[in-house]
Every structure is written in C-alpha cells, then in structure tokens.
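**Q** Protein sequences appear in the order of chains A and B.
For the first sequence, this note's numbering gives the first residue as 15, with consecutive numbering after it.
For the second sequence, this note's numbering gives the first residue as 711, with consecutive numbering after it.
Because the hints were derived from the structure by calculation, they are not lab data.
Nothing false has been slipped in among the hints.
Pairs of lysine to aspartate or glutamate residues, derived as DMTMM-like cross-links and limited to a Cα-Cα distance of at most 25 Å, are as follows:
no., chain 1, residue 1, chain 2, residue 2
1, B, 759, A, 40
2, A, 58, A, 93
3, B, 768, B, 730
4, B, 781, A, 117
5, B, 771, A, 117
Just a few of them, taken from the derived set where beta-carbon distance is under 8 Å, the chain A residues facing chain B:
no., residue
6, 47
7, 56
8, 57
9, 59
10, 104
11, 120
12, 121
13, 123
Every residue, glycine too, gets a C-beta built ideally from N, C-alpha and C.
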Amino acid sequence: NAGVTQTPKFRILKIGQSMTLQCTQDMNHNYMYWYRQDPGMGLKLIYYSVGAGITDKGEVPNGYNVSRSTTEDFPLRLELAAPSQTSVYFCASRPSGGVSYNEQFFGPGTRLTVL
Amino acid sequence: AQSVSQHNHHVILSEAASLELGCNYSYGGTVNLFWYVQYPGQHLQLLLKYFSGDPLVKGIKGFEAEFIKSKFSFNLRKPSVQWSDTAEYFCAPYQAGTALIFGKGTTLSVSS
Chain A
15 NAGVTQTPKF RILKIGQSMT LQCTQDMNHN YMYWYRQDPG MGLKLIYYSV GAGITDKGEV
75 PNGYNVSRST TEDFPLRLEL AAPSQTSVYF CASRPSGGVS YNEQFFGPGT RLTVL
Chain B
711 AQSVSQHNHH VILSEAASLE LGCNYSYGGT VNLFWYVQYP GQHLQLLLKY FSGDPLVKGI
771 KGFEAEFIKS KFSFNLRKPS VQWSDTAEYF CAPYQAGTAL IFGKGTTLSV SS
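Same shape as in the complex, but just chain A (with noise of 0.2 Å):
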C-alpha cells in the first residue's frame, strides 16, 4: 500500500490564483482529513469527511473547499489565494473500526506559497 500521497509536493501561487491540492489513499478509509500546520502553532482542522460525498467544516475552513465523490479521493481547493493560506498541508486518513480506530495516517504534506 502507498498510504495517503498528496501532490504537487511544493507550489508557488501568486495572489489570487487557485489551486487545487491532491490528496489519495488506497487503505479504503472512509474518514479523511486536511489540516494545515504553521510554525509553533501545531496543526489546525480545515475539512473533514466520513465518508463520499459527506464533508464537514473543521476549526479553519474559511478561503477553502472540498470535495468527496470517492473513497480514495479527497481534494483541497483554493478558490483566492491569499499571503494568509502559506502553510503547509496535510492529508490524513483512518478507519472506522479495527485495531487502527481513530489512529490518523499522514501524508507527506504540500508546501504551499502564497506571494
């Protein structure tokens, strides 16, 4: 198994552009998450979602969408770009039972920023 991969690794954006960031696991999770981390500030919930086409609104969800029309998909979009949405990105998943219950697997992030 891969795990949770997300791409692009590192992007650039300018003041006003979108983008969108990928995340996909292959572990068949019905629960998946984005978080954004900052420096000394741990990371914060944007999004999450129990399962396809159910997503809900974490702690910092304003200036971002997402989308969940698979089990394995779970993208992060951003309509406007702004200075304020440099961060680095994380995509995490976990089942919803067995012995790994409420245990969130990680992607290897996307530094994202925003000039």
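Starting from the known structure of chain A, arrange chain B on it as the hints suggest.
**A** Quick look at chain B alone, frame taken from chain A:
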C-alpha cells in the same frame, strides 16, 4: 470543544538525558490519546496511542506515555534520548465525531 495544552515549546537536552513532555487535555469523557512525531522535513508518524486498559503505554523507539485520568494528562517520557530523537512532538486527543485535536507541539533538540 476539546482543547490540548503542551507545556514545553522547546526542549534542549544532551544525549542520554531523560525526557518528559507534558500534555493536558480538556475532555472529561472517554478519550483516545495519541502522540505523533515529526522528524525534520518529514510527515507525522504515530509514536504511541492510548485507547483503554493499562495507563502506561509503550511506543516506538523507547518512548512511553502515562495516562492519568484524574489529572487529564498524557505525558510522554523517554529514559535516555538520542540525537536522532531531535524532532517535533505533538500530543493529540481524539475529539469524538470529528478528528484529532493537536497541541502546538514541542520541539526537541538533542545535542550529541
């Protein structure tokens, strides 16, 4: 909403010193508690977890943590740190119905 507090922002130790990182959480119900580690330039990896049972849990690389329900604490310990333990450490209780809630993290720097 649940919150989590990590007491140490930056800890500097020499190799072979003992380590204890504090973590307190706010939720009083059933808790699942995690410590994650992030080595420089890498993504988060699970260090250890507590779901139920023995409050002293052991993780990878010689780390352990003790769940003390009365103190709402889940402190991370290691008897003797190594240079390779230099990393950022995150305490993360699971908030029922949503996701892991992360502390601000503790940066550990170990000098050889």
